[in-house]
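Going down the list, the protein sequences come from chains W and G.
The numbers in the UniProt record's numbering rise by one with no breaks, and the one at position 89 of the first sequence is 89.
The numbers in the UniProt record's numbering rise by one with no breaks, and the one at position 203 of the second sequence is 203.
Careful: at least some of the hints might be erroneous.
Pairs count within a copy or across copies, as identical chains cannot be separated in the list.
Unchecked claim - With a Cα cut of at most 25 Å, we get these calculated SDA-like pairs of lysine to any residue:
#, residue 1, residue 2
1, Lys217, Pro374
2, Lys37, Ile304
3, Lys303, Ile317
4, Lys311, Asp296
5, Lys8, His76
6, Lys45, Glu307
7, Lys311, Ala192
8, Lys8, Tyr33
Hints in this document: simulated from the structure, not taken from any laboratory.
There are 2 protein chains.
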Amino acid sequence: MSVIELAKATLERIAADEDRIRAFVHIDHDTVYAEAKRLQNTGTKGPLSGDVIAIKDLFDVAGMPTRCGSAIYGEHQAQRDSAAVASIRAAGGLIVGKSVTTEFAYMTPGPTRNPHNFDRTPGGSSSGSAASVAAHFVTMATGTQTAGSIIRPAAFCGVVGFKPSFASISRSGLSVFGETLDTIGGFSRDVATVSRFVGVMADRPGLITPERIRVPKLALWRTPDADQADDAALAELERVANAAARAGAVVTEFVGGSGWSALLQAHTTIMAHEGARSLGYEFTAHPNLLSTSLHDFLSKGAKIDGETYLKARQISIQESAKLLVEMSSFDAILTLSAVGEAPCSTISTGNPHFNKVWTLVGGPAFHLPTGTGPTGMPLGVQVCCAPQEDERAAAVALWLEAAIGYC
Amino acid sequence: MSVIELAKATLERIAADEDRIRAFVHIDHDTVYAEAKRLQNTGTKGPLSGDVIAIKDLFDVAGMPTRCGSAIYGEHQAQRDSAAVASIRAAGGLIVGKSVTTEFAYMTPGPTRNPHNFDRTPGGSSSGSAASVAAHFVTMATGTQTAGSIIRPAAFCGVVGFKPSFASISRSGLSVFGETLDTIGGFSRDVATVSRFVGVMADRPGLITPERIRVPKLALWRTPDADQADDAALAELERVANAAARAGAVVTEFVGGSGWSALLQAHTTIMAHEGARSLGYEFTAHPNLLSTSLHDFLSKGAKIDGETYLKARQISIQESAKLLVEMSSFDAILTLSAVGEAPCSTISTGNPHFNKVWTLVGGPAFHLPTGTGPTGMPLGVQVCCAPQEDERAAAVALWLEAAIGYC
């Protein structure tokens with residue numbers, strides 16, 4: 001298929017379902033065809049040739065508006081590509097449009113629906129990205145995670161999500177919420193594809209062609225807050241752990257993680273304080289254009305003093321170090337991605353409780369869809385490693401995908 | 001003096017000298033008066049009340065163009081304040097305009113001259129910021145440092161420069177060159193003022209009202225590359241160390257730092273690779289609007305593969321950890337800020353050799369002007385601490401300033 005045929009097929013596929021799924025905030029057919037023509041004429045080939053890609057509406061794309069899920073910015077067009085988008089273009093990927101984000105990547109949802117059930121949330125903040133992959137609109141989509149904004153929507157939409165190590169991908173041209181938290185990653189429908197995608201954005205060749213692992217040593221960790229997860233989510237985690245063991249993995253219950261609660265608390269403080277500082281302009285100049293929920297969160301954040309914030313940063317560094325030592329005898333942690341199936345809601349994007357610690361620790365995290373829950377919605381597991389062990393995380397996720405499949 | 005009188009006095013002062021110093025790329029008198037009126041009418045008071053501030057042209061300021069020292073962006077106006085600018089406004093600071101940066105914070109200079117000698121460079125990349133403080137145009141100016149872009153211009157212009165710990169100040173709304181390097185900081189004419197300024201942007205109360213230190217334990221480190229410094233710079237460092245000892249400091253020769261060269265090399269690799277990724281759009285879409293020097297650097301960076309980059313990141317983490325252990329028995333390192341006086345050049349901004357390691361290590365660094373060199377240009381010293389020891393660095397710099405003065 002030529003790039004122009006690919007563009008045509010993609011736009012037709014989107015046109016057929018977009019009025020119900022509402023994954024995009026901006027698609028311009030002429031721009032897509034022009035870009036397809038450019039790729040075809042220049043003969044640009046690369047690791048993303050043949051891929052069609054949605055860009056979360058927090059990333060600048062030259063000539064498209066960056067609205068950040070907010071009414072504040074109107075039709076204002078970006079004058080440049082963000083670094084991640086530039087690397088996608090250079091690798092031959094065809095950019096289709098801007099996918100819906102919640103308001104400034106916080107909790108107030110956009111119009112996107114879960115492709116598996118239109119009454120359910122697709123999760124957030126990378127709502128349109130996860131949904132556009134689940135709906136087969138695109139092969140890949142960018143996301144960002146401050147608390148659980150990649151892994152949770154991946155879980156709710158039943159696609160693979162990959163948040164690499166903190167600072168793997170340049171945030172130049174990204175609207176940032178949490179200075180020490182926000183991590184760029186991506187979505188796709190299988191581990192190899194999402195690894196290739198993140199590998200391009202991060203220029204990590206070991207992700208573009210990931211190695212295979214033979215016998216992964218997995219630590220099964222329900223975390224001290226397992227009681228906050230639905231029975232179905234816990235049962236799925238158990239089932240995957242058992243299947244992995246049967247397939248040859250060494251699966252051990254994780255003993256440790258005494259810093260879990262301290263890390264969760266630190267995350268809350270850091271995110272509120274950093275959010276209030278990053279969105280200081282919007283909070284001061286356009287309070288009436290912010291949702292009540294975001295306005296309340298930023299007010300709370302603005303009241304957290306600098307000492308408290310720095311203390312939380314310190315606790316985060318200390319407790320992360322302890323956890324990483326405890327994790328170091330395993331290839332990866334196998335844990336919960338979300339509290340359960342996507343909730344039946346269009347006013348909430350669900351609970352990121354099981355994602356915050358991993359964002360704060362800064363290591364790679366995969367969501368792997370593995371099955372369905374009691375109401376037929378997707379369920380899965382999260383695979384987490386220490387910072388910079390992205391290649392190993394990808395290898396473990398590949399192994400699990402092959403060993404367990406989706407059922 | 002009312003805020004409006006302050007605005008008037010500032011604009012008059014700038015008008016008198018700006019045609020020779022060329023510190024600004026954008027000043028609009030109406031905007032400055034409008035902002036002064038707003039501050040006066042709302043009665044906004046805060047730790048920056050009475051301060052007039054220049055913003056390096058890499059930071060978005062709502063309603064002003066962000067040109068990044070490049071012809072690429074033209075008159076395109078920023079739609080929002082960057083996080084640092086929002087915090088300055090909220091603290092009652094009066095923003096005067098955008099100060100000249102070198103092209104995208106790399107080496108190609110803008111038109112700014114050194115206020116002490118118009119034939120000399122003010123240093124870079126924060127050229128206009130350092131010059132506007134030295135010329136008494138403003139009391140404070142923002143800067144960013146990727147290699148030596150705050151400390152070097154502070155040294156050349158004879159003002160105090162303060163680069164706080166990495167990630168102290170939100171980069172939201174900043175044009176980023178090096179994702180893991182770029183650090184926001186500031187300039188002023190004394191330590192207490194620059195600490196207050198950085199303290200506001202970082203929300204670090206311990207910097208806004210810094211504590212005093214009684215008997216600092218200083219490590220005098222000429223580094224293994226002392227032979228790259230001019231005799232005058234080394235003599236000044238020696239003189240300051242002796243004066244500090246006479247004033248009661250414990251000054252010890254630093255033994256250690258075997259990772260110096262490895263850190264320098266890692267910095268070069270990381271900066272080139274990250275720069276090529278951050279400026280991927282400009283490199284691809286506007287190669288003819290980039291200077292030869294930046295284009296060459298980005299070409300070089302684009303050829304550094306992902307493995308090499310990750311290896312350099314690893315070395316940086318390992319060698320930084322070793323250096324920090326060696327530093328831990330001292331309150332601060334006393335070292336060179338620059339190779340010597342500002343060079344007699346308008347085509348180069350000088351050599352950041354003695355700044356790169358401290359940017360990579362990520363701790364706070366102060367430049368303290370302490371005297372003049374053989375041609376009458378400013379000289380001084382650099383004070384460096386481990387990451388997050390910003391309050392201690394400020395206390396040591398305050399002590400040195402009081403004990404030694406400027407002579």
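Status of the hints after comparison with the structure:
1. With identical chains, the CA atoms of lysine 217 and proline 374 are never at most 25 Å apart, being 30 Å at best within one copy and 65 Å at best between copies.
2. For a Cα distance limit of 25 Å, the shortest separation of lysine 37 from isoleucine 304 qualifies neither inside one copy, at 51 Å, nor across copies, at 29 Å.
3. Taking the shortest alpha-carbon separations for lysine 303 and isoleucine 317, only the intra-copy value of 23 Å comes in at or below 25 Å, while the best inter-copy value is 34 Å.
4. With identical chains, the CA atoms of lysine 311 and aspartate 296 are at most 25 Å apart within one copy only, with a shortest distance of 23 Å there and 43 Å across copies.
5. In this homomeric assembly, lysine 8 and histidine 76 never come within 25 Å of each other (Cα to Cα): the closest approach is 27 Å inside a single copy and 33 Å across copies.
6. Only between protomers do lysine 45 and glutamate 307 lie at most 25 Å apart by alpha-carbon distance; the minimum there is 21 Å, versus 50 Å within a single protomer.
7. For the identical chains of this complex, lysine 311 and alanine 192 are inter-copy neighbours only, at 23 Å across copies versus 39 Å inside a copy, given an alpha-carbon limit of 25 Å.
8. Proximity of lysine 8 and tyrosine 33 under a CA criterion of 25 Å is satisfied intra-copy only: 8 Å inside one chain copy versus 53 Å between copies.
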